[in-house]
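Student: Going down the list, the sequences are from chains V and X. For the first sequence, our numbering begins at 8 and goes up steadily by one. For the second sequence, our numbering begins at 8 and goes up steadily by one.
Note that these hints are calculated values from the structure, not bench results. Check the hints yourself; a few may be wrong.
Which copy is meant is left open, because identical chains are indistinguishable; a pair holds if it fits in one copy or across any two.
As the list claims (entries may be wrong) - With a straight-line Cα cutoff of 27 Å, these simulated DSSO-like cross-link-like pairs (lysine-lysine) come out:
#1 K50 with K32
#2 K122 with K259
#3 K124 with K32
#4 K124 with K259
#5 K164 with K257
#6 K86 with K32
#7 K45 with K124
#8 K86 with K259
#9 K188 with K32
#10 K124 with K74
#11 K32 with K259
#12 K259 with K74
#13 K74 with K257
#14 K257 with K45
#15 K164 with K32
#16 K122 with K74
#17 K124 with K257
#18 K257 with K122
2 protein chains.
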Amino acid sequence: MDIVFIGAGNLATRLSLEMQRAGLKVQQVYSRTEEGAKGLAEKLDCDWTCSLDDVREDAGLYIFAVKDAVLEGVISQMKPNGGLWVHTAGSIPMSVFEGYAARHGVFYPLQTFSKEKAVAFCGVPVFLEASSEEDGRILECVAGAVSGTVRFLSSEKRRFVHLAGVFAGNFSNYMYAVAAKLLEDQGIGYEALLPLIIETAGKVAEMSPSAAQTGPAVRFDENVMALQENLLEDGDLRELYRLISRGIYKDKTEGL
Amino acid sequence: MDIVFIGAGNLATRLSLEMQRAGLKVQQVYSRTEEGAKGLAEKLDCDWTCSLDDVREDAGLYIFAVKDAVLEGVISQMKPNGGLWVHTAGSIPMSVFEGYAARHGVFYPLQTFSKEKAVAFCGVPVFLEASSEEDGRILECVAGAVSGTVRFLSSEKRRFVHLAGVFAGNFSNYMYAVAAKLLEDQGIGYEALLPLIIETAGKVAEMSPSAAQTGPAVRFDENVMALQENLLEDGDLRELYRLISRGIYKDKTEGL
């Protein structure tokens, strides 16, 4: 199964390297910029191009891993071929391929990726969708080579998985960023937060997040909450503090 | 150094057990309820009481680990003695002891605690404050027995450390709870989120949270953001989504 990657960003980088490691052959990388295409192709030791016209037509699998905002534009510029085209986007329906490629699907790994940081792929859930049973089996086989947690899911449900991922990943990370800023403003390195961050994350492997909750909001400690809100100079952060505290207390008393 | 714990909640439980493990002697536990006092005293194999009048007067160190809202009330009901009195609250100034105990201080571990879950205490930052240099040395010695990361910090600055802890711990955990609810509503177990949660948390040991950020908000992917907002039926969650997305983009473009 020869593979072409359309895109050379964070996800394309980690996924292509993992596929190669698992014995799959990445044949070519396309990226809008030479820097991107060449950079990833060198890591994979394969061909690269910055022109969609020059994408090889004989590969078995084309993995589109570009920004959501440009995905349909890129698909529409690709010359039709007989391969299986899949994208990696949580919020875009599989139907985006209709009219462009008869064989199509989705390969969505629920994880955060950075170019330079390897990820233990074996446990990463991969959510698949395919336009035919046969192509579904191909995707299952490819996904199974990199992950032990593979399941099929409709475009409709995948949107909620993506949204959940944004909360659990991007939004929790923003909480770390705010916390880091608060500490650094007091001359304390944000490394002091790492044990708390790691413990909080690790805890939900043993109990549900709702059961694991601690702190002033779950105790409804009005004094502390009022004092903390006042420490925040930024109006958006104060509003955020209020909203999340209210949400935590609601979860405790009546459920989310 | 004999120690008395005033309180038998999450923090008191984990801290007293860790102190005992480190060779310090916990002499007695006080809690408002018999269940609390007896439960912890049995784990520690020590005395217990539900009456502040019966708290021993000959201990070297009294550690107050009760809810912030009742701390001053509890302190005011304790019979004066010659021991060193400390509390464990992030947002309450050391001066809460003035008029009640000549020798006083603060022992604040930056971590989330649950009764039943042990914590690797050695890396937990402990922030100390003391009313005299001599008592500061005593606290440094006690804290050093359980943690390798001990520093002195004023009441003023400690408030910000506590606030940072609320963001990095309680608030990130709330993001997990919302994500879990979104998945479970689709019939998917929240365990699917664990690799993402662990990766996001572990990443900030290698790069700053701002540098580690990924997802639709940092790319300012308006399409995805509008779609995701619409998936949230609860008005507070929609507002939360908007506020955090705006914050992530602000951090990316102009800093927090």
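Student: Please flag the earlier hints that this structure goes against, numbers listed from lowest up.
Tutor: 8, 9, 11, 14 and 15
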